[in-house]
Amino acid sequence: MEFSEDSLTWRSLPPWADFLMRLGYQCANGLAVPRRIIVVSMPVDSPGAGLVALGAIRRRMEDAGANDIEEHYQTLVYRVKARDSTRVCRRGFRGSFVLECIDGNGDIWARRSKPRSLVVANSTSDSRDMAITINRRTASQWNLKGEPPFSTSVGEILPNYGLYLNLISGARPVEQSNLHTTDSTICLAGRSMGEHATLESLCAVSFRHDGIEANLSQLLGLNSRQSGTVSRTLFYNSRIGKFDRTPHTTRFVIADGDVPFLRVLDNNAFSASTVIAVLHRTIDRSNLEAIGGKLADLRQWYRPYTMALAQVQNMPAGLAILALSDHAGV
Amino acid sequence: MSISPTDMFHFLQSPRSYVIDMVEVISPTFSLLRRHVLSIVASFAETDESSVEDISQCLRATMSQLLTVPLPFGDTIIEALQLLGDPNSVAGRWGRDVNADLVSALGYARALRDAVNPLRDWLRTELEQLIHSGISFRILCHSRDEGSFRTILSDADSSHLLGDIFIHTVAEYRQCVPFEVLVKVGPLRSRGWAKAPDAILTAPRFSRLIEGVWSGCGNEEGFGYDPIAPARIIPFASDKPAPESETFSMSGTTWEVRRTRLFRDDLGSISDTDVDDLQVFTELGKSKDLNSAILVRIDREHCILYPPHSRVLSFDPASDDAVAYRMAADGLIEGMWLVLAQVDEPVSDDLRAGEGQYSHVWKQKLEQKYRQDPTGLCERLHFAGLNLLHLSSRIEHWCKPATTVIPAPQRMTHFEMLIDELGIESASENNPVRVAHWWKRAWNEIRRSRGEAIQFGFQEQHAEDQELLIALTSIEPQIRDQTSLLSAFQLAVPSQLTRGPHFRLFRIELIEDGYQVPQHYMRMILELEVAEQWRE
Chain A
1 MEFSEDSLTW RSLPPWADFL MRLGYQCANG LAVPRRIIVV SMPVDSPGAG LVALGAIRRR
61 MEDAGANDIE EHYQTLVYRV KARDSTRVCR RGFRGSFVLE CIDGNGDIWA RRSKPRSLVV
121 ANSTSDSRDM AITINRRTAS QWNLKGEPPF STSVGEILPN YGLYLNLISG ARPVEQSNLH
181 TTDSTICLAG RSMGEHATLE SLCAVSFRHD GIEANLSQLL GLNSRQSGTV SRTLFYNSRI
241 GKFDRTPHTT RFVIADGDVP FLRVLDNNAF SASTVIAVLH RTIDRSNLEA IGGKLADLRQ
301 WYRPYTMALA QVQNMPAGLA ILALSDHAGV
Chain B
1 MSISPTDMFH FLQSPRSYVI DMVEVISPTF SLLRRHVLSI VASFAETDES SVEDISQCLR
61 ATMSQLLTVP LPFGDTIIEA LQLLGDPNSV AGRWGRDVNA DLVSALGYAR ALRDAVNPLR
121 DWLRTELEQL IHSGISFRIL CHSRDEGSFR TILSDADSSH LLGDIFIHTV AEYRQCVPFE
181 VLVKVGPLRS RGWAKAPDAI LTAPRFSRLI EGVWSGCGNE EGFGYDPIAP ARIIPFASDK
241 PAPESETFSM SGTTWEVRRT RLFRDDLGSI SDTDVDDLQV FTELGKSKDL NSAILVRIDR
301 EHCILYPPHS RVLSFDPASD DAVAYRMAAD GLIEGMWLVL AQVDEPVSDD LRAGEGQYSH
361 VWKQKLEQKY RQDPTGLCER LHFAGLNLLH LSSRIEHWCK PATTVIPAPQ RMTHFEMLID
421 ELGIESASEN NPVRVAHWWK RAWNEIRRSR GEAIQFGFQE QHAEDQELLI ALTSIEPQIR
481 DQTSLLSAFQ LAVPSQLTRG PHFRLFRIEL IEDGYQVPQH YMRMILELEV AEQWRE
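Residue numbers (this note's numbering), protein chains in the order written: chain A, 1 to 330; chain B, 1 to 536.
By construction, these hints were calculated from the structure, which means they are not laboratory data. Note that the structure is predicted; figures quoted are calculated from it, not measured. Hints may be right or wrong, so weigh each one.
What the hints assert, rightly or not - Once the Cα atoms are required to be at most 25 Å apart in a straight line, the calculated DMTMM-like pairs of lysine to aspartate or glutamate come out as:
#1 K242/A <-> E126/B
#2 K365/B <-> E421/B
#3 K81/A <-> D103/A
#4 K365/B <-> D420/B
#5 K145/A <-> D321/B
#6 K81/A <-> D107/A
#7 K242/A <-> E334/B
#8 K369/B <-> E421/B
#9 K145/A <-> D210/A
#10 K294/A <-> D513/B
#11 K294/A <-> E334/B
#12 K400/B <-> E79/B
#13 K294/A <-> D420/B
#14 K242/A <-> D321/B
#15 K294/A <-> D326/A
#16 K400/B <-> D420/B
#17 K242/A <-> E79/B
#18 K294/A <-> D330/B
#19 K294/A <-> E221/B
#20 K145/A <-> E100/A
#21 K242/A <-> D330/B
#22 K242/A <-> E200/A
#23 K145/A <-> D320/B
#24 K145/A <-> D107/A
#25 K440/B <-> E396/B
#26 K145/A <-> E71/A
As the list claims (entries may be wrong) - Some chain A residues close to chain B (C-beta under 7 Å, calculated; not the full set):
#27 G194
#28 S286
#29 G292
From the three backbone atoms N, C-alpha and C, an ideal C-beta is built for every residue, glycine too.
Construct the complete structure from the given sequences, taking the supplied hints into account.
Rendered as C-alpha cells:
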C-alpha cells in the first residue's frame, strides 16, 4: 500500500498513518458497549481523524449486513407520521415524491405532483401525477432528497474495493455487499473551520495499490452527494452543528480537532457513542485547558481504559493517547 | 509551507537531544529600579483614587515590556515615572513612601538611561553566533517587537532577520518546518507579556531553545500543558532554587535544561532575591476592576476586545446560518466576519471613518498649534491633566487623518481637555447653542468611528438585536459578494426596513486571549497599541 500527502510523492504507508488506521479498526471491533472516550494527541495538524475513521469503516465492512436498512425504513415511517412533507427520490423516476400517509397494510404512500387523484402506478411508469407505495422491502430503493443515495438501487457502488481489501494487513475480508449500501454507524465530526476545510485536509491524503488510487475523502465516501455513490461515513459539520444525512444509530464518532470534540460531547445525538478525538497540541492554551477541563469532568464517571490500546502496537514517538471507559477494567 | 505529518514524526523519531539554554541576566541597578517601581504600583493598588489607574497601568506595561522585550533602557521608564508629577507634590498626594520610591526609581532609571542593557548585549552575541555559523533559527516574539531584535544587530547582520524568521502566534508556529534553534526573550508563560505556545515544549520543531530572562522572572509552573499528559513542572520556575542542569520529560520528549547566570555588577551586588514582577503585575491588574477579554484583530493595526462570554453579531460565510450572534470565546473563529451596526446615523460609503466636520476642525487646529510650539503644547496639556506617556508622538498620531477609526485620545476626559486647550469652543461665540456641546459632538463622531455600541435598556436591546439580525439577513447575498473580494467593507440596509442601519464588516484575522481590560474599552475598535497595555 502506497501513501501520499501531496498526490505527487508516494511512499510506503508511514507508521503514524498505519497506527491511526489500526486504532480505528481495533476500537470499532466492539462497538456495542461500553461507551469509550479516547483522545489522541498529535504533535502536528494532520488528517489523523480521517485515518481513524477509515480504519473504523474498514472494520465495519467486515460484518455482513452492516447498513442502515431497518433504520432507514423507520425514518420514513417517522417522517410520514410527523407530516413534515419529506421528499424522497428513486432511480428511474424523475423528480421527487412527497411522503403522504400510511395505509391499513402499513405501506407508505409517496406522491408526485399535486393530489388530484391517487393513482397506483407500477414502478416502471413515469407519469407526471402518480403515487406509489413504499414498504419495508422496498424502502432501500428510496433515499431522502438531498441526502446521499441509500443503496445502489438509487446510487452507485462504493468503488475502490481493492484498496479497502489491502488497507490493513491481517484484517478479515470485506463483505462486498456492504459496498452497495449506506451505513451511518461511523461518524466523522469535521473541523471547526467547516466542511470545506475538512474535505481539503482529507483530499490531501491518497492511497494507491495495484493501480487503484483514491484520496481519503473518497474512501470515506464523504463526497457521495456529488459522486452519487453510497456512503459509509456519516458526516457531522461541527461548525454549524448539522449532519449530512439523517443520523440513525451513530455508535462511533471520530472528532477532527478540539472544538469538534467538545461539541460532540455536548450533543445528545452522540450521548451513547464511543468517541475518538484526534487533536493536535499546537493550539492556544485556552483551547488546551478547555479539553483538560472536559476530561477532568469525564474522569468522574469514566475510568482509564487500556485493553484496546495494548492491542495496537508500535505507537509513534510524539503521539499520546488517553482512553476512558464507562466500565472499570473493561 | 507547513510540515507534513510524516516529516514531523520523522523529525521526532530521529535520535536527538532537546536542550533549553536558559540565561538569567542579573543587573543590580535594574533590580533596584524594578523593586521601587513595584512598590509604587503596589501602593497605588491600595488607593481608591481612580486617576492613578492610568499611571499604574502605564508603569506596569512599561516594566513588563522591559522584562520581555530586548529594548534599550533609554527614557521610557523615566517618562512613565514622570507621569506621577513633581516629586514634591507626590508626598502630599500619595504619601512619603511613594515619594521615596519615586525619587529612588528616578535615580536608578537615570543611571540606566545610557547604560547598555545586558540582555540586549547577551542577545547580540547569541544572534551573531547563530547568523555567522549558518544555524537555522527562529525568534519567538510579539509582532510589535520585531524591531527591537533588528536594532540589536549591525545593518549587515540584521538583514538576516527577515520576516519569516519571527514567530508571533501558535498558528505561525504550527506552520513551521523544523529548524535548529528557537530564541526567546522572557520566561515561558502561557499568557501575558511573555506568552508562548505550550507546543514549543510538547511538540518541538527545533532541538535547542535559547531563552534570556531577567532574574526572578522564571518559567511558569505548568508551562507545556498537555491535557492528556500528567502534569509536569518544568525546572527553573520562579523562586525555585535549581541546579545548573536538570532533565524533564514532556509529551514523549526529554528536555535538558542548562542554566547560566549572567551577572552585570554595574552598581555593586545586591543581597535580596528579585521577585517575579510579571506575576505580581498580573495579580495587581486583576484586582483593579479589570475584566477578562479576548482580542479580535481586524486588520494590522486595529482590534476589538470582547468579554469571553459575550454574544457578538457575526457573519460566517461557511455556515447555513451565516448571520448570528456567536459567543466570543468559542463561537468566533478566524475567517468569520465581525459585524458592527450603526443604527442612528448614516456614514460615508467608504469604510474609512471619514473626516466629518468636527474631526476636520480640531485636527487642523491641533496640527497648527503643535507645529508652532510642540514643547509648550505638551506641557500645557500635561498640566491640564492629560498625563499620557509619549504625549508628543501621540499628538502627532492624533493629527493623522481617519483610517479605520478617527485617531484621537482614548478617553473622553482627555479629549475634552484637548479641545479646551485648542480653544475651539470659545472661538465659536456666534453660535452659543452649538458651542456648548461642540466637544461632545466631536466626541460622538469619534465614538461612531470606533463602532461603540448604542446603549439601550435590556428589553429594548433584545428587540434591537433581533431587528439587526433581520436587517442583516436581508442583505446576506450582497454580504457574500463582498466577503469574497474584501477584508473589510460597509453596507446599508434599504431604508424601508427597520431604521435603515448601516453595517461595517471586518474579517477576523486573529483571536487572542489573555487580556484584562476596563469594561468601558470593550466592544469598540481600538488601536492594537492601546490594547497591548492590557495584556495579562
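A quick look at each hint next to the structure:
1. For the suggested pair K242/A and E126/B, the alpha carbons sit about 53 Å apart, so the restraint of at most 25 Å is broken.
2. A distance of roughly 10 Å separates the Cα atoms of K365/B and E421/B; the hinted pair therefore holds under the 25 Å criterion.
3. Proximity of K81/A to D103/A is assessed by CA-CA distance (about 12 Å); at most 25 Å being required, the pair is judged to hold.
4. Distance restraint check for K365/B and D420/B: the Cα-Cα separation of roughly 12 Å lies within the 25 Å cut-off, and the hinted pair is therefore satisfied.
5. Among the hinted pairs, K145/A with D321/B is consistent with the structure: their alpha-carbon atoms are about 20 Å apart, no more than 25 Å.
6. This hinted pair checks out: K81/A and D107/A have alpha carbons roughly 12 Å apart, not beyond 25 Å.
7. Distance hint between K242/A and E334/B is fulfilled; the C-alpha atoms sit about 20 Å from each other, no more than 25 Å.
8. For the suggested pair K369/B and E421/B, the alpha carbons sit about 10 Å apart, so the restraint of at most 25 Å is met.
9. A C-alpha spacing of about 36 Å is found between K145/A and D210/A, which places the hinted pair above 25 Å, so the restraint is violated.
10. With a C-alpha separation of about 19 Å, the suggested pair K294/A and D513/B falls inside the 25 Å cut-off, and the hint holds.
11. Taken as a hint, the K294/A and E334/B pair is honoured in the structure, with Cα atoms around 23 Å apart against an allowance of 25 Å.
12. Distance check on the hinted pair: K400/B and E79/B sit about 24 Å apart at the alpha-carbon level, within 25 Å; holds.
13. Restraint check: the Cα-Cα separation between K294/A and D420/B comes to about 55 Å, which exceeds 25 Å; the hinted pair is violated.
14. This hinted pair checks out: K242/A and D321/B have alpha carbons roughly 11 Å apart, not beyond 25 Å.
15. In summary, the hint linking K294/A to D326/A is supported, as the alpha carbons are separated by about 15 Å, within the 25 Å threshold.
16. For the given pair, K400/B sits about 20 Å from D420/B by alpha-carbon distance, which is consistent with the 25 Å threshold.
17. A C-alpha spacing of about 56 Å is found between K242/A and E79/B, which places the hinted pair above 25 Å, so the restraint is violated.
18. For the hint linking K294/A to D330/B, the alpha-carbon distance of about 14 Å falls within 25 Å, and the restraint holds.
19. For the given pair, K294/A sits about 21 Å from E221/B by alpha-carbon distance, which is consistent with the 25 Å threshold.
20. Taking the CA atoms of K145/A and E100/A, the gap is about 15 Å. The hint holds against a cut of 25 Å.
21. A distance of roughly 17 Å separates the Cα atoms of K242/A and D330/B; the hinted pair therefore holds under the 25 Å criterion.
22. The suggested pairing of K242/A with E200/A holds, with an alpha-carbon distance near 19 Å, which does not exceed 25 Å.
23. For the hint linking K145/A to D320/B, the alpha-carbon distance of about 18 Å falls within 25 Å, and the restraint holds.
24. Restraint check: the Cα-Cα separation between K145/A and D107/A comes to about 20 Å, which is no more than 25 Å; the hinted pair holds.
25. For the hint pairing K440/B with E396/B, the CA-to-CA distance comes to about 22 Å; that is within 25 Å, so the pair holds.
26. Distance check on the hinted pair: K145/A and E71/A sit about 17 Å apart at the alpha-carbon level, within 25 Å; holds.
27. Evaluation of the G194/A hint against chain B yields a held restraint, the C-beta minimum of about 4 Å falling below 7 Å.
28. Contact between S286/A and chain B, as hinted, is supported at the beta carbon level, the nearest pair being about 5 Å apart and thus within 7 Å.
29. Taking 7 Å as the C-beta cut-off, the interface hint given for G292/A holds, the closest approach to chain B being about 4 Å.
The structure fails hints 1, 9, 13, 17 (numbered hints given earlier, in ascending order).
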